[in-house]
Amino acid sequence: MNGIHDMGGMQDMGPIQHENKELVFHHPWEGRVYAIDRALRAFGKWNIDVWRREIELIPADEYLRMSYYERWLEADEKLLLANGLVSTTELATGTPDATLVKSVPVFTAAVAARSLGRGIPSGHDPNVLPLFSVGQRVRAREINPIGHTQLPRYARGKFGVITIDHGVYTFPDTNAHFLGQKRQHVYSVRFTARELWGESASPRDTVNIDMWDDYLELA
Amino acid sequence: MAENDKTPLGRRGFLRTAAASAAATALPTVAQSKDAEHDHQDLPSDLALRVKALESLLVEKGLVDPAALDVLVDNFENKIGPRDGARVIARAWADPAYKARLLADAPAAIAELGFTSGQGEHMLIVENGPKVHNLVVCTLCSCYPWPVLGLPPVWYKSAPYRSRAVIDPRGVLAEFGTQIDEDVEVRVWDSTAELRYIVLPERPAGTDHLSEEQLAALVTRDAMIGVAKVSWPGKAP
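As they're listed, the protein sequences go chains A and B. At position 65 of the first sequence (counting the first as 1) the number is 65 in my numbering, and the numbers step up by one without a gap. At position 9 of the second sequence (counting the first as 1) the number is 228 in my numbering, and the numbers step up by one without a gap.
If you are wondering where the hints come from, they were derived from the structure by calculation, not from laboratory data. The hints are all genuine.
20 Å max Cα-Cα, derived DMTMM-like pairs, lysine to aspartate or glutamate:
hint, chain 1, residue 1, chain 2, residue 2
1, B, K376, A, E19
2, B, K448, A, E19
3, A, K45, B, E274
4, B, K350, B, D387
5, B, K376, A, E62
6, B, K448, B, D402
7, A, K78, B, D265
8, B, K280, A, E90
9, B, K448, B, E346
10, A, K78, A, E62
Distance ranges between label pairs, derived from CB positions:
hint, chain 1, residue 1, chain 2, residue 2, range
11, B, Q433, A, T89, 53 to 61 Å
12, B, E421, A, T89, 55 to 63 Å
13, B, L332, A, L23, 20 to 28 Å
14, B, A327, A, F159, 30 to 38 Å
15, B, E346, A, A219, 22 to 30 Å
16, A, F178, B, D427, 50 to 58 Å
17, A, R65, B, K454, 44 to 52 Å
18, A, A113, B, L332, 13 to 21 Å
19, A, K45, B, L332, 31 to 39 Å
Partner residues aside, some chain B positions facing chain A, computed with beta carbon under 8 Å:
hint, residue
20, A272
21, L282
22, L291
23, E296
24, P379
Think of the CB as a built atom: it goes at the ideal place given N, C-alpha and C, for glycine as much as any other residue.
Throw the hints in and build the complete structure from the sequences for me.
Shown next, in the form of structure tokens:
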């Protein structure tokens with residue numbers, strides 16, 4: 001979806017606000033939202049791409065107004081409702097529906113402690129062959145899907161060169177819509193700044209973007 | 220979209236009364252916040268209450284274990300952070316064999332030092348040199364190498380940085396006080412997939428006599444994102 005989240009190349013967002021000795025969480029509620037999000041994902045009702053998609057569905061004006069963890073809160077409340085983990089009434093009143101059976105948390109403190117050493121499952125799979133190879137000149141497809149994609153707008157239709165084959169990863173465009181993992185190779189594709197931005201860009205600079213097989217075609 | 224895009228007034232009313240105890244502590248914190256100045260964002264004062272209410276609902280329904288939440292918060296507030304990344308960089312400067320392993324297989328080399336938490340299986344180290352300066356961004360969201368740098372700073376997740384790092388990297392670097400010569404390539408990495416990038420900065424001249432610990436103290440988070448270089452002020456910090 002050509003949403004506000006896909007902001008690479010915009011120029012009207014103001015100066016960067018650097019903070020000295022920045023806190024990890026600026027308010028206690030931010031840490032709680034972060035942790036609630038991790039705990040809820042353990043139910044397996046949604047995956048990280050579904051969650052990213054939910055954040056991208058926040059309307060542009062709200063997205064820009066909201067702080068980072070407020071977007072997480074918004075997405076998690078929506079996903080709780082959509083997956084029937086809480087009802088609209090429960091969320092509005094803050095009181096559990098007494099007629100429902102109480103669940104047992106999946107994500108206990110012990111599970112949380114063990115989870116600290118685990119990352120996103122992905123990587124090598126000899127059964128999935130790459131469609132492209134390092135050194136090949138490629139073009140990022142010109143696509144404008146209404147669903148989730150991680151092919152940024154500023155690179156679409158542009159020519160680049162594959163510099164690294166990162167291995168096999170879940171394809172977010174399908175995974176975000178429960179349409180399967182469609183695992184495929186991801187590459188680092190190097191674009192010159194001039195290819196992306198025109199003659200006013202530095203002749204030396206490059207932008208390197210990670211792209212799945214399905215985002216690319218041979219140039 | 221669900222119908223309650225905006226918090227209904229009834230719910231706000233509920234939040235203010237039912238979570239009155241939370242209000243006593245949480246509201247002043249929000250009121251004194253400097254976030255609005257930093258973000259140019261309008262933070263509703265009832266966010267703390269809304270989260271408090273959500274957490275108690277989830278706990279009462281048996282969906283969330285508050286002790287598990289404490290473990291995660293404590294991990295990022297007190298255990299993981301850019302000091303870990305700085306140790307990796309200092310080791311790479313001090314030990315060429317380690318640096319070779321780090322460039323070849325970052326997750327394994329980083330795990331040697333004991334850092335292995337989530338969002339980190341697919342880390343890649345990109346090395347600065349006399350003709351290359353690397354800069355890391357996530358234009359679509361906020362992807363960041365958590366295991367070695369902790370959670371990203373607000374500016375990294377903000378619209379100004381995400382939008383301009385790819386189209387005007389030299390302008391962005393200048394805002395951080397970092398000048399890059401015209402004949403040096405600024406190599407921007409947009410983390411659009413599950414790969415997480417960490418910059419290996421150039422070791423500053425005149426630091427041959429420093430210990431690994433002294434070197435680590437010079438390495439900043441900003442240098443590992445690529446918005447700054449590492450400098451040697453002439454005496455150990």
